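K.L.:
For reference, the chains in residue letters:
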Amino acid sequence: MKQFLDGAANRVSESVTETVSADAFAFAEYDETAGEKVAWTDYSYWGSTFRMFFKNKMAVALLLLLAGILLFTFIQPHLPGQRPATLINNDPNTGLQLMNIPPNDEFLFGTNSIGQDLWSMVWSGTRTSLLIGFAVACSEVILGITMGVLWGYVRKLDHFLTTLYNIVDNIPQTIMLILISYILRPSMSTIILAMCLTSWLKMARFIRNQIVIIRDRDYNLASRCLGTPTWRIILKNLLPYLVSVMMLRIATTIPEAIGNEVFLTYIGLGLPVAIPSLGNLINSGRGLLMYESLRYQLIFPAVVLSVVTVSFYIIGNAFADAADPKNHV
Amino acid sequence: MLKYIAKRLIQSVLTLFIIITIIFCLLRLMPEEGYLGPGFDKMSEVQKESILTEMGLRDPVPVQLWKFYKGLLHGDFGTSWIYRPNVAITEILAGKAPVSIKMGLMAMGISLVAGIPLGVLMTRFKGGVPDKLGMGFVVLVMAIPQAVYHLFIQTYLTDFFHLPMLFKEPNLMSWILPTISLSLYNTATFALWMRRYMVDELNKDYVRLARAKGVKNSVIMGAHVFPNAFVPLIQTIPTMILSTAMGSIYVESLYSVPGMGGLLVDVIQRQDNAMVQALVLIYAALGIIGLLLGDLLMGVCDPRITFVEKGGAR
Numbered sequence: 001m002k003q004f005l006d007g008a009a010n011r012v013s014e015s016v017t018e019t020v021s022a023d024a025f026a027f028a029e030y031d032e033t034a035g036e037k038v039a040w041t042d043y044s045y046w047g048s049t050f051r052m053f054f055k056n057k058m059a060v061a062l063l064l065l066l067a068g069i070l071l072f073t074f075i076q077p078h079l080p081g082q083r084p085a086t087l088i089n090n091d092p093n094t095g096l097q098l099m100n101i102p103p104n105d106e107f108l109f110g111t112n113s114i115g116q117d118l119w120s121m122v123w124s125g126t127r128t129s130l131l132i133g134f135a136v137a138c139s140e141v142i143l144g145i146t147m148g149v150l151w152g153y154v155r156k157l158d159h160f161l162t163t164l165y166n167i168v169d170n171i172p173q174t175i176m177l178i179l180i181s182y183i184l185r186p187s188m189s190t191i192i193l194a195m196c197l198t199s200w201l202k203m204a205r206f207i208r209n210q211i212v213i214i215r216d217r218d219y220n221l222a223s224r225c226l227g228t229p230t231w232r233i234i235l236k237n238l239l240p241y242l243v244s245v246m247m248l249r250i251a252t253t254i255p256e257a258i259g260n261e262v263f264l265t266y267i268g269l270g271l272p273v274a275i276p277s278l279g280n281l282i283n284s285g286r287g288l289l290m291y292e293s294l295r296y297q298l299i300f301p302a303v304v305l306s307v308v309t310v311s312f313y314i315i316g317n318a319f320a321d322a323a324d325p326k327n328h329v
Numbered sequence: 001m002l003k004y005i006a007k008r009l010i011q012s013v014l015t016l017f018i019i020i021t022i023i024f025c026l027l028r029l030m031p032e033e034g035y036l037g038p039g040f041d042k043m044s045e046v047q048k049e050s051i052l053t054e055m056g057l058r059d060p061v062p063v064q065l066w067k068f069y070k071g072l073l074h075g076d077f078g079t080s081w082i083y084r085p086n087v088a089i090t091e092i093l094a095g096k097a098p099v100s101i102k103m104g105l106m107a108m109g110i111s112l113v114a115g116i117p118l119g120v121l122m123t124r125f126k127g128g129v130p131d132k133l134g135m136g137f138v139v140l141v142m143a144i145p146q147a148v149y150h151l152f153i154q155t156y157l158t159d160f161f162h163l164p165m166l167f168k169e170p171n172l173m174s175w176i177l178p179t180i181s182l183s184l185y186n187t188a189t190f191a192l193w194m195r196r197y198m199v200d201e202l203n204k205d206y207v208r209l210a211r212a213k214g215v216k217n218s219v220i221m222g223a224h225v226f227p228n229a230f231v232p233l234i235q236t237i238p239t240m241i242l243s244t245a246m247g248s249i250y251v252e253s254l255y256s257v258p259g260m261g262g263l264l265v266d267v268i269q270r271q272d273n274a275m276v277q278a279l280v281l282i283y284a285a286l287g288i289i290g291l292l293l294g295d296l297l298m299g300v301c302d303p304r305i306t307f308v309e310k311g312g313a314r
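Protein chains in written order, with our numbering: chain A, 1 to 329; chain Z, 1 to 314.
If you are wondering where the hints come from, they were derived from the structure by calculation, not from laboratory data.
Watch out, some of these pointers could steer you wrong.
[Stated by the list, open to error] DEER-style ranges, computed between Cβ atoms:
no.: 1; chain 1: Z; residue 1: Pro164; chain 2: A; residue 2: Arg155; range: 51 to 59 Å
no.: 2; chain 1: A; residue 1: Met188; chain 2: Z; residue 2: Ser44; range: 33 to 41 Å
no.: 3; chain 1: A; residue 1: Phe50; chain 2: Z; residue 2: Arg124; range: 25 to 33 Å
no.: 4; chain 1: A; residue 1: Glu292; chain 2: Z; residue 2: Arg58; range: 49 to 57 Å
no.: 5; chain 1: Z; residue 1: Met43; chain 2: A; residue 2: Leu164; range: 36 to 44 Å
no.: 6; chain 1: Z; residue 1: Val46; chain 2: A; residue 2: Phe134; range: 48 to 56 Å
None of the values given here were measured: they were computed from a predicted structure.
Where is the CB? At the ideal position from N, CA and C, for every residue including glycine.
Model the full structure from these sequences, guided by the hints.
P.N.:
What follows is the structure in structure tokens.
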């Protein structure tokens, strides 16, 4: 039999009787077990997602790197021969501060203008920044998704929440921060609280827009007609559909939060100098950029910061691609 | 259409009213020492009280609010308290805004001219070298905090190209780096979304039909895919133009551009309430106008989008 290019049989050239036999028109016996049969595949959503993700060599390499950095920031203070990050190192002979020592064997990243060890400070700062990033991302996920789903699915709330969004979105974060740091003292928790207060709305808005798009698709309509409770529609019909876009949001939230901390330090509302953070290190390195011999004090924290944020960004994008069922074969 | 615009405008005015009232009340919670300047601990109670009374801060909040609205209705933003005492706010802004607007519009022009073709190029050679290079640029600009890369651009590129480090308005050479720095983020945003929307469109049936008919690839991309992919992007452009024209705190403070980029942060920290209120009002109004313009522009470009309710539509 001749075939078209895509493999379909070219039925025109053959006689019809050859392909259709008479017993195809006989009534089939009613078979009770056949009605129970379900097409079986070995498709598993998360299985395919991870398989897709691990195909992306670059993302896997960055994931390993990031995991390594994360682990290292936590074990670094317990390694032998490490100095506490805030310790001011003095010369044992003269008692003078070891100021602005360029990177050498003893101080791998050198020391800063009051003799603190930059190696310890960078890792301790990375720990602080990652902690802020994770805390903000977690709160954004919990608050943002809950509110976003309600906002998108419950029509009565839509108008109210849209107005609320328009209002809160226009109140500058700086005002909230100054007020919060006036009520509480500037510390990690203040900064995290202030970032959470402003960031969850973005996530909620994002989820809401997605939900509005898929809310009235036929499969949800069918579920509603069958009397499925709302919470079940949300958990089983809507949220799984959004896994990939949510992962993307979460993965970009962490670098955003880290960048936000740098911004807050830049405008002078960041963590107190006593707590090493990447924002503090970059801010104090900023003034030294004009002196070529002191530039290492900015470059080390900036490079570590960039590696961390770029890794998160790439991993998040790769995972979001992998989590999108459209890309599963 | 006009009815829709009128409705949106009325809603916007209401939103603005609520925003400004909330800001007003929040500002009244600020620590009082902030108003007295650096030497507040040397003042006596009587001195402090008299300064605060003179500023009108001892009136009950509703009275202060009423005074403020009365001024606004007369088109009067008031005068600065602390930033430049007793200078009209409109005068301060008139001195600062033009530089920011000029630089912002130029940067936005660069972003549009560079970012959109970059996105198209990345789609055209999807998976190839231009795509990878473009993606690398987008990732770097999106992921690295702005404070960091602006700083490095200033330090190393001024050396490399022998450009002036600080901004002086008559010197055109000193415009180059700040404008390019300012345009980077928007360029990356345009490239990223242009590519994403175009790739989405490429998978649609009408493109397959055009290919089956034997339409040339350049015509498919130029006449079919690009216009469809550009519609969702065009919605964001007015907001981006307006926010870029308001200046960037990083670029302006690094190159010492006398614009209004860091003005809001500055006056919040100095607790110049009158300035904060006026600026928040302007920013919020611009944000709302940007959204409205974006929606209208999308409707103009894509006849399928209408703002009039159709019968039976959800």
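K.L.:
Check each numbered hint from earlier against the structure, then list the numbers of those it violates in ascending order.
P.N.:
Those not satisfied: there are none.
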